[in-house]
Amino acid sequence: MIGKLSLNAFVALVAAFLVLPILAIVPVAFSAQSFIRLPPETWSLRWWSAFFGDASWRLTLLASLKVAALTTFISVLAGTAAALGIARSGPRGRALLTALFLGPVVTPAIVLAVALYSMARATGLVGTLTALVVAHTMLALPFVVLNVGVSLDGLDRRLLLAAEGLGAGSFHVFRTVTLPLIAPGVVGGAVFAFVTSFDEVVLSIFLAGPTVKTLPVRIWEEIRLEYTPVVAVGATVMLALALGAAGANRLLTRK
Amino acid sequence: MNPVAYRFGAAALLAPAVLIAVFAFLVPLARLVGLSFSAPAGPLAAYAQLLGDDIYARVFGNTFVIAIAVTVVALVIAFPVAFALTRLSRTWRAVVFACVLLPLWISVLVRTFSWMLLLERNGPINRLVVASGLADQPLALLFNHTAVLIGMVHVLLPYAVLPIYAALVRIDPGLLRASEGLGASGLTTFLRVLLPLSLSGIATAATFTFLLALGFFVTPALLGGASSLTLSMLIDSFVSERLNWPLASAASVVLLTAALAVVAIASRFVSVSAIAKGHP
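Here the protein sequences come in this chain order: V and L. Under my numbering, the first residue of the first sequence is numbered 1, with each subsequent residue one higher. Under my numbering, the first residue of the second sequence is numbered 1001, with each subsequent residue one higher.
I should point out that these hints are in silico values taken from the structure, not numbers from a laboratory. Among the hints, erroneous ones may be present.
Unchecked claim - Chain V stretches covered by chain L per the calculated footprint, using a threshold of three residues with CB under 8 Å from any CB of chain L:
1. 10 to 22
2. 47 to 55
3. 73 to 82
4. 152 to 159
5. 175 to 188
6. 235 to 246
Claimed, not checked - Distance ranges between label pairs, derived from CB positions:
7. L:T1086 <-> V:G124: 49 to 59 Å
8. L:D1172 <-> V:L5: 19 to 29 Å
9. L:N1002 <-> V:G247: 27 to 37 Å
10. L:V1076 <-> V:R250: 22 to 32 Å
11. V:F73 <-> L:L1026: 36 to 46 Å
12. V:W43 <-> L:G1052: 34 to 44 Å
13. L:L1197 <-> V:G124: 28 to 38 Å
14. L:Q1137 <-> V:L5: 30 to 40 Å
15. V:W43 <-> L:G1181: 40 to 50 Å
16. V:T42 <-> L:Q1137: 25 to 35 Å
17. L:G1052 <-> V:F52: 47 to 57 Å
This one's a predicted model, so the numbers in the text were calculated from it and none came from an experiment. Note that the Cβ used here is the ideal one computed from N, Cα and C, for glycine as well.
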């Protein structure tokens, strides 16, 4: 039994290692000083008012939310449709399409970033909302296709046959039978897509410009210079959103 | 529904996503490969420069070694955790699972930044080390290989745990009990029953972790700095500092080839979609 006890102790340590270090940014965000000290000697909300009071920081947060919303909208529509299309395809088509859609997942982000940056420069789209949305959608699409695909795999085809047998047209079947049953997959895919876009760093660094910049890009730039706790505030905002999304995912995709 | 309408419907459903995948993924990558042959000194000049220079060879080596080290450490930690997960009660399993899955929702930038705060000279870890007398001076825990290793293992550990757990959970516990019932020691049961049956999960975990580690950018850039240059950082400097597109694209092609080689080799042992789906 000593074996089991030490194993559980090890697992507890690893679980703490996974979660606790991330929380290091939170105390720093509430520091009263302008230099970084963890934990801070004195506490204050000054850097929170600095973050939300500064137009440039606010604009990056807004840009992040805008890009994430657009990315989610497009990738959910295209990805759900694609998952339905894959379900109707033969085995060879399915394999080919899966490879195509999973491509961005196995390709290193820096390679994707450089490839898209080069194309953006050629088309004059560097620093535009369009470039960021296209890039993030490309990254989020696989997750929507995967998520909806898993939901579709669990769908009992006989339900669809029964509905058609009772006289429902194909769109009616889709709307009243298929869609409600794959809703958890679609919603889960939507949450993943939003977080993927909001958290995205590497491609955004290259595609952002002086006027259109997402929050992670701004944080990345500031970290590499002399930075104040306002950066920790930005990171805490990102952390809060991620935690909110994880919670929303659990609530909304409960079957 | 008649078969023609069915097929046409499938094509129409797939069209938007395929267009995005083709024009936002395939075309830019193909263009990048083309750019790598566009050096003024000749089509293979960029590759010759990249593969011939000693400095770049060291960067390749460093990237490779870090990726292997991170994969090994992550697997060594992940296996016991995955194994314990199969044995825990429902509540504790849910708690540990939450701890494993939660970091995946958080941006790699935030996770890396938190390590910067913890590992810096005047950070809490160093203050503890000096105060407790373990060292006279703060340790250099940041901007070196150690920091990169810690940060990357921290980020990649969930990706290592999940596939191993998925494989372990499919093993019939009766097999382990039978082995022990026949008199095998714990170690023998582990080596001759558990390990062989979990090999596909370990292979998937190793592949995905190594693949991600090869291409990592944010973590080595922030935690390693100039002393631990990786291929992705090199690509970034070719683009951002030197605006040398043939060199940047050649280096990207090298990295991409390495990633594809890893996937190709691994696909003989595990299914590729399982590797990609190892990602939540």
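Results of checking the hints against the structure:
1. Counting residues of the segment 10 to 22 of chain V whose CB lies closer than 8 Å to any CB of chain L gives 10, so the stated coverage by that chain holds, three being the minimum.
2. Only when three residues or more bring their CB closer than 8 Å to a CB of chain L does the claim for the segment 47 to 55 of chain V stand; here the count is 0, and the claim is violated.
3. Coverage of the segment 73 to 82 of chain V by chain L holds. Counting CB-CB distances below 8 Å, 6 residues qualify, and the rule asks for three or more.
4. Only residues whose C-beta sits within less than 8 Å of a C-beta in chain L count toward coverage, and the segment 152 to 159 of chain V has 0 of them, not enough to reach three; the restraint is violated.
5. Coverage of the segment 175 to 188 of chain V by chain L is violated. Counting CB-CB distances below 8 Å, 0 residues qualify, and the rule asks for three or more.
6. Interface restraint, the segment 235 to 246 of chain V with chain L: holds (7 residues with C-beta to C-beta distance below 8 Å; minimum three).
7. For the pair T1086 of chain L and G124 of chain V, the beta carbons lie near 54 Å from each other, so the given range of 49 to 59 Å is met.
8. With their beta carbons about 25 Å apart, D1172 of chain L and L5 of chain V fall inside the hinted range of 19 to 29 Å.
9. N1002 of chain L and G247 of chain V have their C-beta atoms about 46 Å apart, which leaves the hinted 27 to 37 Å range violated.
10. Hint check: V1076 of chain L to R250 of chain V, Cβ distance near 30 Å, so the stated range 22 to 32 Å holds.
11. Distance hint for F73 of chain V and L1026 of chain L: a CB-CB separation of about 23 Å, inconsistent with the stated range 36 to 46 Å.
12. Judged by the Cβ atoms, the range 34 to 44 Å given for W43 of chain V and G1052 of chain L is violated: they are separated by roughly 56 Å.
13. Checked against the given bound of 28 to 38 Å, the beta carbons of L1197 of chain L and G124 of chain V, roughly 56 Å apart, lie outside it.
14. At roughly 37 Å, the beta carbons of Q1137 of chain L and L5 of chain V sit within the given window of 30 to 40 Å.
15. Separated by about 60 Å at the C-beta atoms, W43 of chain V and G1181 of chain L break the suggested range of 40 to 50 Å.
16. A C-beta distance of roughly 27 Å is found between T42 of chain V and Q1137 of chain L, which places it inside the suggested range of 25 to 35 Å.
17. Checked against the hint of 47 to 57 Å, the pair G1052 of chain L and F52 of chain V passes, with Cβ atoms roughly 52 Å apart.
When each numbered hint is compared with the structure, violations occur for hints 2, 4, 5, 9, 11, 12, 13 and 15.
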